[in-house]
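Construct the complete structure from the given sequences, taking the supplied hints into account.
If you want the building blocks of each chain, they are given just below.
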Amino acid sequence: MTRRLFHRPGVPAELLIREAHVLDPRAGLDEARDILIRDGQIAELGSPGSLTAPEGAEEIDASNRHAFPAFVDPHVHLRTPGQEYKETIDTGTAAAAAGGFCAVIAMPNTDPVLDEAAVLRSLTATAAGEARVPVGFLASITRGLGGDELTEMAELRDAGALGFTDDGKPVISAGMLRKALQYQRLAGGVIALHEEDPALSGDGVMHEGAVSARLGLAGIPSISESTMVARDGAIALYEDARAHFQHLSCVESVGALEAAKAAGARVSGEACPHHLTLTDDVVRTLDSRFKMNPPLRAESDRRALVGALKSGLIDCVATDHAPHAKHEKEVPFEQASMGTTGLETAFAALYTELVLGRELELHTVIERMTAGAALYDLPTPKIAPGASANISLVDLEQSWEVGAHGYASRSANCCFHGRSLRGRVTLTIAAGQIAFRAPMLAHAGSRMTAA
Amino acid sequence: MRKHLITIDELSREAIERILDRAESFAEVSGREIKKVPALRGRTVVNLFYEASTRTSSSFELAAKRLSADVVNIRSAGSSVDKGESLKDTVQTLSAYDPAALVIRSPHVGAAQLVAGWTEASVINAGDGKHEHPTQALLDVFTLRRRLGSLDGANIWIIGDVMHSRVARSDILAFTRMGATVTVAGPPTLIPREIDALGCHATPTLDLLGDADVVYVLRMQLERMHDSFVPSLREYAAQYQINSARLRPGQLLMHPGPVNRGVELSADAIDSPQALIGEQVKAGVAVRMAVLYELLVGSPVLQAVA
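Residue numbers (the working numbering), protein chains in the order written: chain A, 1088 to 1538; chain B, -15 to 290.
It should be emphasised that the hints constitute simulated quantities derived from the structure, not laboratory data. Check the hints yourself; a few may be wrong.
Straight-line alpha carbon distances no greater than 35 angstroms define the calculated DSBU-like cross-link-like pairs of lysine-lysine that follow [stated by the list, open to error]:
(1) A/K1413 - B/K(-13)
(2) A/K1413 - B/K72
(3) B/K72 - B/K(-13)
(4) A/K1397 - A/K1348
(5) B/K266 - B/K20
(6) A/K1348 - A/K1469
(7) B/K19 - B/K266
(8) A/K1256 - A/K1469
(9) A/K1256 - B/K72
For clarity, every value in this text was computed on a predicted model and none was experimentally measured.
Structure, rendered in structure tokens:
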């Protein structure tokens, strides 16, 4: 079978996690458990205090921690190759690990674009050397993201591509998208779509609405996205193809996705923590951290996204982690690069705003933060004996100020910067290896058993 | 305390009135043979203009000079700005001269606010993209207050390309804050969605223009034709041009300049005694003197930007 996730080799975890509150919605687990991990696999789950650490295994007192199946992010920008000053596979996966993720899927809008197998092979080799959590790659649908020539999708799939996207740009030509969806029958792989009609977006830099009217900033109307979701849902249905809608942002797109699914199209959708928790009201500050594409929209849009995530109409959470250097954001709003980082804050933002804000249940957030895996035919992380250890330990009581101690990401353009969030990842195990350990845990929360 | 003027939002009605009262006293200075007072002697005012401007830049320069300040004018053409220097680097370089005030005109929304975070000088927004042009709004209120005594209850129509107009945004805020009712009218393609959130009414026609006490006409940028915001200048003029047929006796006519004669305004309207366009220009110097004075000398009516 073709390998589609890549990470650096490491030491398999030997670990006893004692008395963690295990929450794995798919396994129906919501109770305190000891978790024994041997050779990177979950060896045993036991009632609290029932398991003992084998010789040489580390023991962690997790009596005030939650243990979740680690998260999967189907949408990140690792900026490699070509823009390593923003992020590298090393720093991007460090950010993922710090956010409790055990796998991420990288977008191909790099320099050069990931549109040839040679580029993909070099990337998978790099990831196999430095990725702290497994990374999968999407190749572009069209060469150079140019929109007018298909990539060699079959060869790219053989080289390990999980699927295809022109993310950052829409596939403007309906005819080109149709060909890609037809060719999917040979090549396989999900076709993921950034939905936007450039003729409607124009020079827009934020959501079109009362705030853009006030600020004099050109608006991106919600219909710029939703009309393309409707169009491409219809094409996917006609071709019986598998398509995934990325970073949905508005109520009209929720309606278009619902209609496409109801008609029988094999489509899915993702929503981002920033769209689920913030609105265009924050853009009044003109802080360029709030500039991203699609833009932060109105409260009615935000509510529709949360409702769709709750019902499962929107299948999963994706961060669209989009790092940019300081000089690219420290300019007037209209000139600033679009994008926010999100890996390190995704869980805490959703937990603080939506779970503590009583809009979503915790188990729903955990389910949707892991659901991206199955959409790309990857194994879903689970806390069960025999499974590869993919676990995030989280202190739900801990408050922290975003960015106060810097970021694991190479970039600091986080839309939650300076906010106080609840819920801190203290340990991440990805593919059986310890990928992240919060500094304080190493001192206070753990001890080595006598060797 | 360091003070700035970035948007009309940060000015209370009382603060606006105090600036206008101060401007009245400076208008008297402009009537003297020696048009100069020593208020800012020994202090430096930097005018940093990233966009072409005739009346705003010249009136800021004159205002600073009549207050006896030393003035440095920097325009984007031929400066280090043209050599790719970032706004931040330019501002930090100029700040090394320890200016008391930095006046900035930029094609980008929020530029003045950003600059305020990078310099110790008081920052005055002389226009930031399509966002705001607060001193224009103040001189418009000054001009109207002289004619009407008060804006309370006045019915003011703003006509034309509201979407691309920073003057419209600042005027809507200032006029309503001073008690007027504001209606914007223009091609539906050039009226921003949800503009009523600014506290004005919006209409696509001039059918009820007779209700207006003040007709404030915006400049119609000729390049808007190329973007199909309006089909032709001819159609625009037919629908929205203010001329002697549309202007009711007793209505006051204003325009921020420069005028496209024969497009948004007819020649007979411009030259009619109802037009206050010349008075607006004249008010520009006195009002900008008042803003500089209030920021650099006056007691703290202008609040510091958070």
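Do the hints match the structure? See the list:
1. Annotation: proposed proximity of A/K1413 to B/K(-13) holds, straight-line Cα distance about 27 angstroms (limit 35 angstroms).
2. Taken as a hint, the A/K1413 and B/K72 pair is honoured in the structure, with Cα atoms around 12 angstroms apart against an allowance of 35 angstroms.
3. Of the pairs offered as hints, the one joining B/K72 and B/K(-13) holds, with about 19 angstroms between alpha carbons and a cut-off of 35 angstroms not exceeded.
4. Between the alpha carbons of A/K1397 and A/K1348 the distance comes to roughly 16 angstroms, so the proposed pair stays at or under 35 angstroms and holds.
5. Straight-line distance between C-alpha atoms of B/K266 and B/K20 comes to about 16 angstroms, which keeps the hinted pair within the 35 angstroms bound.
6. Taking the CA atoms of A/K1348 and A/K1469, the gap is about 27 angstroms. The hint holds against a cut of 35 angstroms.
7. Among the hinted pairs, B/K19 with B/K266 is consistent with the structure: their alpha-carbon atoms are about 14 angstroms apart, no more than 35 angstroms.
8. Only pairs whose Cα atoms come within 35 angstroms are accepted, and A/K1256 paired with A/K1469 is accepted, the gap being roughly 34 angstroms.
9. Our distance criterion of 35 angstroms between C-alpha atoms is met by A/K1256 and B/K72, whose separation comes to about 30 angstroms.
Going through the hint list in order, the structure satisfies each hint without exception.
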